[in-house]
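Engineer: So the sequence lines, in the order shown, correspond to chains A and B.
Each residue of the first sequence is one higher than the one before, counting from 2 in this note's numbering.
Each residue of the second sequence is one higher than the one before, counting from 2 in this note's numbering.
For the record, the hints were derived by calculation from the structure and aren't laboratory data.
Incorrect hints may appear among the rest.
Same chains, same label: a pair holds when it works inside one copy or across any pair of copies.
[Claimed, not checked] Simulated crosslink set (EDC-like; lysine to aspartate or glutamate; CA at most 20 Å straight-line):
no., residue 1, residue 2
1, K28, E250
2, K28, E110
3, K274, E85
4, K106, E25
5, K15, D220
6, K74, E166
7, K32, D247
8, K15, E166
9, K106, E42
10, K15, E42
11, K15, E223
12, K74, E37
13, K106, E166
14, K74, E110
15, K32, E42
Number of protein chains: 2
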Amino acid sequence: MNTEQLYRQIRLKKSFLCIGLDPEPGKMPEKLRNAEYPLFEFNRQILAATHHLAVACKPNTAFYESHGTHGWKQLELTIAHIREYYPDLFVIADAKRGDIGNTSKKYAETFFSLLQADAVTVAPYMGSDSVLPFLDYPGKWVVVLALTSNQGAEDFQFLSASNAERLFETVLRKSSGWGNSGNMMFVVGATRASMLVKVREIVPDHFLLIPGVGAQGGDLDEVARYGMNAHCGLLVNSSRGIIHADSTERFALVAGEKAADLQLQMSRILAEKGLV
Amino acid sequence: MNTEQLYRQIRLKKSFLCIGLDPEPGKMPEKLRNAEYPLFEFNRQILAATHHLAVACKPNTAFYESHGTHGWKQLELTIAHIREYYPDLFVIADAKRGDIGNTSKKYAETFFSLLQADAVTVAPYMGSDSVLPFLDYPGKWVVVLALTSNQGAEDFQFLSASNAERLFETVLRKSSGWGNSGNMMFVVGATRASMLVKVREIVPDHFLLIPGVGAQGGDLDEVARYGMNAHCGLLVNSSRGIIHADSTERFALVAGEKAADLQLQMSRILAEKGLV
Numbered sequence: 002m003n004t005e006q007l008y009r010q011i012r013l014k015k016s017f018l019c020i021g022l023d024p025e026p027g028k029m030p031e032k033l034r035n036a037e038y039p040l041f042e043f044n045r046q047i048l049a050a051t052h053h054l055a056v057a058c059k060p061n062t063a064f065y066e067s068h069g070t071h072g073w074k075q076l077e078l079t080i081a082h083i084r085e086y087y088p089d090l091f092v093i094a095d096a097k098r099g100d101i102g103n104t105s106k107k108y109a110e111t112f113f114s115l116l117q118a119d120a121v122t123v124a125p126y127m128g129s130d131s132v133l134p135f136l137d138y139p140g141k142w143v144v145v146l147a148l149t150s151n152q153g154a155e156d157f158q159f160l161s162a163s164n165a166e167r168l169f170e171t172v173l174r175k176s177s178g179w180g181n182s183g184n185m186m187f188v189v190g191a192t193r194a195s196m197l198v199k200v201r202e203i204v205p206d207h208f209l210l211i212p213g214v215g216a217q218g219g220d221l222d223e224v225a226r227y228g229m230n231a232h233c234g235l236l237v238n239s240s241r242g243i244i245h246a247d248s249t250e251r252f253a254l255v256a257g258e259k260a261a262d263l264q265l266q267m268s269r270i271l272a273e274k275g276l277v
Numbered sequence: 002m003n004t005e006q007l008y009r010q011i012r013l014k015k016s017f018l019c020i021g022l023d024p025e026p027g028k029m030p031e032k033l034r035n036a037e038y039p040l041f042e043f044n045r046q047i048l049a050a051t052h053h054l055a056v057a058c059k060p061n062t063a064f065y066e067s068h069g070t071h072g073w074k075q076l077e078l079t080i081a082h083i084r085e086y087y088p089d090l091f092v093i094a095d096a097k098r099g100d101i102g103n104t105s106k107k108y109a110e111t112f113f114s115l116l117q118a119d120a121v122t123v124a125p126y127m128g129s130d131s132v133l134p135f136l137d138y139p140g141k142w143v144v145v146l147a148l149t150s151n152q153g154a155e156d157f158q159f160l161s162a163s164n165a166e167r168l169f170e171t172v173l174r175k176s177s178g179w180g181n182s183g184n185m186m187f188v189v190g191a192t193r194a195s196m197l198v199k200v201r202e203i204v205p206d207h208f209l210l211i212p213g214v215g216a217q218g219g220d221l222d223e224v225a226r227y228g229m230n231a232h233c234g235l236l237v238n239s240s241r242g243i244i245h246a247d248s249t250e251r252f253a254l255v256a257g258e259k260a261a262d263l264q265l266q267m268s269r270i271l272a273e274k275g276l277v
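The whole structure should be built from the sequences, with the hints applied where relevant.
Structural biologist: Dropping the structure here:
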């Protein structure tokens, strides 16, 4: 999916919502836990209830790998199901990979050719050759971690270099030069919304993937105020706050309500900005 | 496997070799490529030919994930096979994971509980809570990326902070405080052997996992000169230089020869240091 197609979906759905598909069996109704493919079946019902409210979804690979081969199979089934039924959804494999070039090339094959995701998240620590192989796929995107929403972000991402630039700023500045705003996005945690001003000075045109709204404490209006650009330029993710808002057999219904709440706020924000 | 058990294997085998199990079907003999489980069958033969020459092995997850569910299955089979036949081998899952705490916990489950690896490599960019969940498993190890062997390492790892410390040094200093030399190791690329002096000032006691000897151009004597501590403290990895040194049906035999060459050098170095 290219930039224009993604913006079209944002305007059409009046939403810049990304739904984190991070299913935890312990938070599912028992009947579903005992299904042959509980993660897939859960996702299938979540998607049916929410797909029209979101423009993107983001399965985090950890929640599948932790079930071994059977989990990996369900990640494949989930993305194949989205490809078949919801071709309007942008699929981000939240994998946070990154390795030497030779190996990153294998990860790019995995997530783009094999799993058919639109985008994959990548950690920047190993530098350009760990990111470049993901840019060899036309129409695909790499999402580079810049400023994350967790406490540990303080440990290294805010380190000031001798040129007074903080590490996350250097990551944004350098890595934005490896691709362009049509094949690269950046992760910026919603719990640090005020930092978005600085982020937008460095990457005014790129999409930002904002995790941490909801369970992790971020605020949607703040994110939009500081992070939105003239075309929107945001994908805001909510995972647990939507998919595990309810653990009974009403989970999909409640997920639909939670997603609708966010979509309504987004619709208002987009209208205020004159984007819809 | 704990520190003392690992040192015992190093003295016993007169080796600190780690074999990178990164199998590529295109570099295998045709007969093997057509097997039901080519990656596993390849690894099985490599292990049979080399296990007595190495103290560790390191499957990189990318080489399995790129074959989807079928690849993941073969990673499981490979580690289960090692657990059954070669309990003296230390298994490092080279996964380079790292996510928010909640998610890193899932990765720790995956690699330690499910796959039964001894250690997993982790990227430090997201900080302490992305690493700490891996330290909750007694007898297991986390291997933190500090200084990698690729060209892209220049992009961020050498950035100088205002306190004149470079990023990889800050990573070593801070993250070494999250664990201890009995549950944490560091990746330091062999192509930067002279940097090992600085590394050893910060982490004198920790094991260092050194990739990049062989195909990536590192030199074993240099690595030992600058990186070895009083107990050895090194695991030196070679992947392609051993496992894909030959692509005919003689591949395992040749791998055994290549591993024996390295083990012989290591044996000499350990003797010179009075460690065996």
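Engineer: Can you give me the call for K74 and E166, within, between, both or neither, at a CA distance of at most 20 Å?
Structural biologist: Neither, since 43 Å and 44 Å both go past 20 Å.
Engineer: Reference check for the pair K32 and D247, CA-CA at most 20 Å: within, between, both, or neither?
Structural biologist: So K32 and D247 pass the 20 Å test inside one copy only (14 Å; across, 52 Å).
Engineer: Is it within a copy, between copies, both, or neither that the alpha carbon of K15 lies no farther than 20 Å from that of E166?
Structural biologist: neither (36 Å within a copy, 47 Å between copies)
Engineer: At most 20 Å between CA atoms: does that hold for K74 and E110 within a copy, between copies, both, or neither?
Structural biologist: both (17 Å within a copy, 18 Å between copies)
Engineer: How would you label the pair K106, E166 (within, between, both, or neither) given a Cα cut-off of 20 Å?
Structural biologist: Neither. Shortest intra-copy (30 Å) and inter-copy (32 Å) distances fail the 20 Å Cα cut-off.
Engineer: Using 20 Å as the alpha-carbon threshold, which applies to K32 and E42: within, between, both, or neither?
Structural biologist: within (11 Å within a copy, 39 Å between copies)
Engineer: One pair to classify: K106 and E42, alpha carbons no more than 20 Å apart. Within, between, both, or neither?
Structural biologist: Intra 31 Å, inter 23 Å, cutoff 20 Å: neither.
Engineer: Since the copies are identical, ignore which copy is meant and state whether K15 and D220 lie within 20 Å (CA to CA) inside a copy, between copies, both or neither.
Structural biologist: Classified as within; 18 Å inside a copy, 58 Å across copies.
Engineer: State whether the alpha carbon distance between K106 and E25 is at most 20 Å within one copy, between copies, both, or neither.
Structural biologist: between (30 Å within a copy, 12 Å between copies)
Engineer: For the identical chains here, do K28 and E110 meet the 20 Å Cα criterion within one copy, between copies, both, or neither?
Structural biologist: between (32 Å within a copy, 17 Å between copies)
Engineer: Give the relationship of K274 and E85 under a CA distance limit of 20 Å: within one copy only, between copies only, both, or neither.
Structural biologist: neither (33 Å within a copy, 62 Å between copies)
Engineer: At most 20 Å between CA atoms: does that hold for K74 and E37 within a copy, between copies, both, or neither?
Structural biologist: Close inside one copy (11 Å) and across copies (18 Å); limit 20 Å.
Of the hints listed earlier, those the structure fails to meet are numbers 3, 6, 8, 9, 10 and 13, in rising order.
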